[in-house]
Amino acid sequence: MRNRKSKVRSEKVDVRSLIFCAVLLFGALIFASCSTQSSDQAYSSNDVYSKRSPAQDMSSNSNMATRLEVEGFDEQKTDAERYAEIEENPFLETSRAPLSTFSIDVDTASYANVRRYLNDGMMPPKDAVRIEELVNYFEYDYPQPVGGVPFSVNTEVASCPWNAKNKLVQIGLQGKKVSLDNVPPSNLVFLLDVSGSMNDPRKLPLLKNSLEILVNQLTAKDRVAIVVYAGSSGLVLPSTTANNRGEIMNALNNLEAGGSTNGGEGIGLAYKTAQDNFIRNGNNRVILATDGDFNVGLSSDEQLVKMIESKRQSGIFLSVLGFGTGNLNDSMMEKLADKGNGNYAYIDSQTEALKAVGEQVAGTLYTIAKDVKIQVEFNPAKVAGYRLIGYENRLLADKDFNDDTKDAGEIGAGHTVTALYEIVPAGQKVSNPGVDDLKYSKVQPSGESFNNELLTVKLRYKEPNETKSKLLKQGLLDKNNSIQTASNNLKFAASVAQFGLILRDSRYKENSNFENVVSLANSAKGSDLKNYKNEFIDLVGKARRLK
Amino acid sequence: MIKHLTGFVIFSFIVGISAFIACFFYEIPSSESVFVAQEPIRVSSKRSCGKYKKKHKRGALTDLKLKQAVFNLKTKQLDTNFVMKRKNQYTKGVSIGLHFFAKNASGTRYVATIKFDLIPVFDDYGVAEQDISSPVWFNSLEDYENVYVVPEANYLQNESNAPVFDEANAFSVITIGKNLD
Numbered sequence: 035m036r037n038r039k040s041k042v043r044s045e046k047v048d049v050r051s052l053i054f055c056a057v058l059l060f061g062a063l064i065f066a067s068c069s070t071q072s073s074d075q076a077y078s079s080n081d082v083y084s085k086r087s088p089a090q091d092m093s094s095n096s097n098m099a100t101r102l103e104v105e106g107f108d109e110q111k112t113d114a115e116r117y118a119e120i121e122e123n124p125f126l127e128t129s130r131a132p133l134s135t136f137s138i139d140v141d142t143a144s145y146a147n148v149r150r151y152l153n154d155g156m157m158p159p160k161d162a163v164r165i166e167e168l169v170n171y172f173e174y175d176y177p178q179p180v181g182g183v184p185f186s187v188n189t190e191v192a193s194c195p196w197n198a199k200n201k202l203v204q205i206g207l208q209g210k211k212v213s214l215d216n217v218p219p220s221n222l223v224f225l226l227d228v229s230g231s232m233n234d235p236r237k238l239p240l241l242k243n244s245l246e247i248l249v250n251q252l253t254a255k256d257r258v259a260i261v262v263y264a265g266s267s268g269l270v271l272p273s274t275t276a277n278n279r280g281e282i283m284n285a286l287n288n289l290e291a292g293g294s295t296n297g298g299e300g301i302g303l304a305y306k307t308a309q310d311n312f313i314r315n316g317n318n319r320v321i322l323a324t325d326g327d328f329n330v331g332l333s334s335d336e337q338l339v340k341m342i343e344s345k346r347q348s349g350i351f352l353s354v355l356g357f358g359t360g361n362l363n364d365s366m367m368e369k370l371a372d373k374g375n376g377n378y379a380y381i382d383s384q385t386e387a388l389k390a391v392g393e394q395v396a397g398t399l400y401t402i403a404k405d406v407k408i409q410v411e412f413n414p415a416k417v418a419g420y421r422l423i424g425y426e427n428r429l430l431a432d433k434d435f436n437d438d439t440k441d442a443g444e445i446g447a448g449h450t451v452t453a454l455y456e457i458v459p460a461g462q463k464v465s466n467p468g469v470d471d472l473k474y475s476k477v478q479p480s481g482e483s484f485n486n487e488l489l490t491v492k493l494r495y496k497e498p499n500e501t502k503s504k505l506l507k508q509g510l511l512d513k514n515n516s517i518q519t520a521s522n523n524l525k526f527a528a529s530v531a532q533f534g535l536i537l538r539d540s541r542y543k544e545n546s547n548f549e550n551v552v553s554l555a556n557s558a559k560g561s562d563l564k565n566y567k568n569e570f571i572d573l574v575g576k577a578r579r580l581k
Numbered sequence: 056m057i058k059h060l061t062g063f064v065i066f067s068f069i070v071g072i073s074a075f076i077a078c079f080f081y082e083i084p085s086s087e088s089v090f091v092a093q094e095p096i097r098v099s100s101k102r103s104c105g106k107y108k109k110k111h112k113r114g115a116l117t118d119l120k121l122k123q124a125v126f127n128l129k130t131k132q133l134d135t136n137f138v139m140k141r142k143n144q145y146t147k148g149v150s151i152g153l154h155f156f157a158k159n160a161s162g163t164r165y166v167a168t169i170k171f172d173l174i175p176v177f178d179d180y181g182v183a184e185q186d187i188s189s190p191v192w193f194n195s196l197e198d199y200e201n202v203y204v205v206p207e208a209n210y211l212q213n214e215s216n217a218p219v220f221d222e223a224n225a226f227s228v229i230t231i232g233k234n235l236d
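Protein chains in written order, with our numbering: chain A, 35 to 581; chain B, 56 to 236.
Calculated from the structure, these hints are not laboratory results.
Just so we're clear, the structure is a prediction, and the values are computed from it rather than from any experiment.
Beta carbons: idealized from backbone N, C-alpha and C, even for Gly.
Accuracy of the hints is not assured; some may be wrong.
What follows is a set of in silico ranges between Cβ atoms, one per label pair, in the way DEER data are often shown [stated by the list, open to error]:
| id | chain 1 | residue 1 | chain 2 | residue 2 | range |
| --- | --- | --- | --- | --- | --- |
| 1 | A | Ser516 | B | Thr117 | 36 to 46 Å |
| 2 | A | Gly280 | B | Lys147 | 27 to 37 Å |
| 3 | A | Ser516 | B | Ile187 | 53 to 63 Å |
| 4 | B | Thr117 | A | Glu246 | 22 to 32 Å |
| 5 | A | Arg579 | B | Gly181 | 25 to 35 Å |
| 6 | B | Tyr165 | A | Asn515 | 17 to 27 Å |
| 7 | B | Thr117 | A | Lys513 | 53 to 63 Å |
| 8 | A | Pro124 | B | Arg164 | 32 to 42 Å |
| 9 | B | Tyr165 | A | Arg579 | 33 to 43 Å |
| 10 | A | Lys513 | B | Trp192 | 27 to 37 Å |
| 11 | A | Ser273 | B | Asp118 | 53 to 63 Å |
Chain A side only, calculated, beta carbon under 7 Å to chain B, not exhaustive [stated by the list, open to error]:
| id | residue |
| --- | --- |
| 12 | Lys373 |
| 13 | Pro459 |
| 14 | Ala460 |
| 15 | Val464 |
Below, computed lysine-lysine pairings styled on DSS-like, alpha-carbon distance capped at 30 Å [as the list claims (entries may be wrong)]:
| id | chain 1 | residue 1 | chain 2 | residue 2 |
| --- | --- | --- | --- | --- |
| 16 | B | Lys122 | B | Lys147 |
| 17 | A | Lys211 | B | Lys58 |
| 18 | B | Lys58 | A | Lys210 |
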């Protein structure tokens, strides 16, 4: 009996231990398969970057977290970067919509951000690719303006390099170049994020170097103040004349990162400081430098935007400098710069700092034209359809063009703005999925009506201190030029745009490929004294290897 | 009487031949005050009067390209910026013509021609960039008309043929509107 009981007991023990081992083994298998799957998905999922709340982004973007943890970044900021979803502009039929209206944009952050991804060995998420910012990163050989107009207007048309049946139209604006000696005095407030997430070599140290470059461009007529925000905010340096460089650099160099991010309090203090030292007819500006973790509370984003808009009306503008990786809130920073009548640049290296706040500082400090809008009317006798490449978040209603109360982008001294349209010539069908053909509004191409005039470009702009806009107008003739005989400006812009289409995996990329991009860029780069165009060609090579 | 007439004819013939021969040897002096010589002035080689005049005025430019053209309909002011390339080594002046056209629903109509006589400063490559501002009086332009300009290098004002719209070389003019504001 005793033996039988012990035998039963030992059998129970054996079963339990077997079950325990089976559970352990199963758990180990599950854990191993989860680790493998997250690293495989790191570079392929685009769903991660859709428009969602920060809370959802924090929980679902583990792929970026995995890579950052491996590189030893701050574990607290392993949630993914945030990009506003971009729905590409479709082709529109001229017969239904002959007018295209949009605001200009001088931001260049997207190119620097894409470069950062490629240099780090990753393909950028497609919503991080804003094609207009890629194109606008480069300088073009547009002439200086004449006739008292603050910018020159340059138009050109040639065959489209990625779709031989279509044409490509370029509209380029060149802002008047102004020496820093002739720029009005500046009242600048640096609003600096010194929260814990900024504790990284590519963030706070690079920020300090960037601001040192900016301060070195200023003179005794300019003023600088420094406001920081982290767990709390504070005025680190009251407004002082810019020739007190020692005092300014001391204040900057003593900054250290730590704490959470309370941006709302900091921005209020920055604007108050700017208001207290306001320079009439000067450049009054808050320059926000952050990695984007700009937490003002989920219910306060609207209030923040409203505050920035109201300060803009009073003459204090806002520019944004983005830094770092891992938690870049690109969508928020672009929005703030847009609402604040400023520009948004991403600083990924010392070289970019020298460009954005060094050689192009005049553009940041001196606005030569504000609320610049473009409206293009296409000739239905020559153009069956068109597509604006980029500028998806800059579109305006047609009636907004003549409405001076509607805000639009600003052009700074020396800035260039380039917009590209892909044109479907008359006689060809415009792809418009899901929409029936019209039967009453068919337009027969007429060879005589405004013969060979493709379109008319109209622009409205305001002088910096005026509220009433001025109107410019220019026509464009189709001379049947091929892209090979086009100007270097059009060829290079087309090359960059084609690269953007490939990175976005655009449905409109047609025959785009890396070889065409490189070939076109090489044929158009010219002397490239600053090496930006050669660097672009290198980046294309990196993207090709990654893809 | 006949003798006197004959003598007069012979005398006139001799004077005329002498003047004709003198063109080979003597250069007509120009006003030095308006021309700043880039290089030492030399006496030109022997030429006939007709050939000398032709080379001096015509063919001095090999290329003329507009970079910007802005026309203000309110102030009637035209501002242009263009680039010229010269052919002759010693060019004391050039003449350019700007032919303006407007496009409307009926097609293309000729508006006006403006002539400029310039003394540009060419660089070592024979290239000069020039800004010109000038008041102009065009025929009335409609708000919806776009203006184009066809530049002509070495323009002679008395050319009898009306300018033709050369689409390949036409340049779009930016208009600052009067009635559009």
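Provide an ascending list of the numbers of those earlier hints which the structure does not satisfy. 1, 2, 3, 4, 5, 7, 9, 12, 13, 14, 15, 17 and 18
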